[in-house]
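Residue numbers (the working numbering), protein chains in the order written: chain A, 35 to 540; chain B, 55 to 155.
No lab work stands behind these hints, which were simulated from the structure alone.
All C-beta atoms in this analysis are idealised placements derived from N, C-alpha and C, irrespective of residue type, glycine included.
Treat the hints loosely; a few may be bogus.
Said to hold, decoys possible - One side only, chain A facing chain B, incomplete, derived with CB under 7 Å: (1) V172; (2) E179; (3) V183; (4) P196; (5) E200; (6) G202; (7) G225; (8) G228; (9) Q287; (10) G288.
So the chains spell out like this:
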Amino acid sequence: MPTELLQQAAADNHWAAIGPELMVGCLALLLLVLEIVLPKARHEIIPSVAVVGLLGIITGFVINYHTAFVGQTTFNGLLRHSGTGQFLRLFFLLAATGVSVLGIVALKRQKMPKVEFFAITLVVSGAMMLLAQANNFVMLFVALETVTVGFYILVSYTRTNPLSLEAGLKYLIMGALSSGILLFGIALLYGVAGNPALTAASADSMNFDALRVFLYANPDNIIAAVGIVLVLSGVAFKVGAVPFQIWIPDVYQGAPTPVTAFLAIASKAAGFAILLTLVTVFDGYQSLVVGVLTVMAIATILFGNLAALTQHNVKRLIGLSGVSHAGYLLVGVIAAIHVPFAVGAICFYLFAYLLGSLAVFGVMTHVSGDDDADQDMDHYADLAKTHPFLGVVLAVGLGSLAGIPPLAGFMGKLLVFLAAFEAGLYALLGVAILGVVISIYYYFGWIKAAFFPQWRPPVFEGDDPLPEPPRQVVSTPAGILLATAALASVLLGFYQGPLGAWLGLG
Amino acid sequence: MGVGLTEYLTVAAVVFAIGFVGVLVRKNTLVIYMCLELMLVASTIAFVAFSRFNGTMEGNVFVFFILTVAAAEVAVGLAIIVALFRRRQTVQVEELNALKN
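Model the full assembly from the supplied sequences, consistent with the hints where possible.
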């Protein structure tokens with residue numbers, strides 16, 4: 035190959051554009067090196083290195099938030115940097131920080147290797163940050179698989195616990211199945227868009243821009259339509275939309291609590307990052323995409339809320355309520371096709387969801403015992419009396435997830451619903467509001483369990499009362515995280531304009 | 055007459071369908087895992103065939119990424135299956151149902 039061609043190709047590789055991802059990757063490697071070079075007695079500082087490193091990267095990222103790369107493509111069209119992409123990168127960094135802090139609390143109780151958890155969390159979040167900026171199917175697939183394989187390991191992390199392993203196996207089968215479906219869809223799209231016999235065929239048909247032009251020029255191609263449906267199905271698995279939600283309750287229950295938080299927050303956001311990109315790429319097949327997503331959104335909202343009503347295990351409950359959140363976000367994605375500000379609304383919703391979820395999962399991490407899968411609502415009895423701090427954080431987090439004004443979750447829902455209203459999606463809007471009303475029942479059931487005294491069966495002499503797991507003492511970093519998440523949930527409910535404008539969300 | 059794109063794609067679609075149905079109906083985790091690999095192989099056939107008949111190299115390059123990803127997935131997946139077998143002495147999906155409400 036002539037060297038000029040290589041030079042030309044390399045000229046577009048702006049490594050500074052993916053500086054944060056590189057730093058996250060290097061931090062992950064640094065942790066592994068530290069484990070080798072530090073004496074065993076000093077190993078407990080390694081998780082702190084991860085958190086401090088992440089905070090440093092976040093600070094640097096926020097200072098350079100408005101980079102010159104926004105609006106450009108780099109690496110020969112592999113990546114496209116956009117305002118939404120910048121926001122999502124910050125989102126994934128914040129999620130990784132929160133999950134790492136929760137990981138420190140949760141891993142203290144397990145006799146497990148500790149360093150790998152933080153290293154894998156970092157690698158996964160780096161891959162998600164790339165995923166949010168992918169502009170090519172190769173980039174999208176490799177980043178998505180890095181995320182998925184990382185999650186296989188994280189879900190089955192507690193390998194002494196058969197429940198964690200079972201959850202890992204279920205996630206593995208479902209994740210690999212969805213990857214297979216997605217991949218076949220990519221193969222079809224690549225093939226049909228590169229066919230020289232068709233108009234607007236491209237030699238670079240993995241590229242989203244080229245694919246978009248092709249799909250516009252060929253609006254009735256049956257192979258392309260099949261490819262689009264397969265790709266959307268593969269992504270729907272990742273966000274947990276009905277009918278691809280079957281893995282959610284089991285995997286959420288079996289996974290260690292911080293990993294459940296990571297799945298609920300970051301994995302879902304990554305799925306929606308892909309969806310937002312793909313919806314614009316598939317613009318030429320709008321009626322098909324809207325049809326598929328509308329059916330999914332209605333089924334997802336109804337199923338998630340109705341199935342959550344009967345749950346007593348709080349991890350299953352939060353998983354199924356997460357399914358319904360995916361449904362509301364799908365409504366936002368459909369609205370985003372017609373109304374540009376819906377993208378900003380989705381970002382705000384995700385951010386509110388991040389804060390509320392971190393608060394709730396933080397409390398769950400402190401209340402749960404050694405067996406992570408056994409977290410019943412009854413374990414929350416008298417939480418507000420014995421641990422007022424945890425009780426208040428739980429109430430704020432759950433209230434925000436339920437969408438109670440004036441918390442941030444309410445504003446998120448309001449913005450998404452406004453976008454749906456403006457786009458004229460009245461039927462979807464009705465279903466979504468019905469879903470919100472149902473969801474208040476189970477969210478408040480949980481709050482009630484923590485705040486109000488419950489009837490308990492009398493304990494006779496000689497009988498052992500049902501054992502409850504001992505609650506953890508809140509450490510300073512975890513306390514700061516929980517207080518920040520709860521306070522930000524309250525503040526963002528009142529004050530969001532300038533922050534949104536600064537983030538470029540409009 | 056030579057073998058054309060349609061024949062390759064038919065093979066790919068059949069292999070994909072076998073893999074997909076296998077994942078849904080088989081009960082042994084290892085067999086399910088083999089079916090998942092079949093689905094990836096089906097995509098590989100489609101990529102190479104399209105690459106050959108469209109005259110672009112990207113499909114071939116993508117296959118290398120698929121191979122790498124599949125290897126990583128197998129490494130993690132088999133580790134999980136072995137660890138689970140040590141705890142539960144079974145890899146049949148209908149017996150792996152400890153997670154419930």
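Hint check:
1. V172: holds (6 Å)
2. E179: This hint holds: E179/A lies near chain B, its Cβ roughly 4 Å from the closest one there, short of 7 Å.
3. V183: OK, holds: V183/A within 7 Å of chain B, min 5 Å.
4. P196: holds (4 Å)
5. E200: holds (5 Å)
6. G202: Interface hint status for G202/A: holds (5 Å vs cutoff 7 Å).
7. G225: holds (3 Å)
8. G228: For G228/A, the interface hint holds, since the closest Cβ of chain B sits about 4 Å away, which is under 7 Å.
9. Q287: holds (5 Å)
10. G288: Hint holds; G288/A Cβ to chain B Cβ min 5 Å, cut 7 Å.
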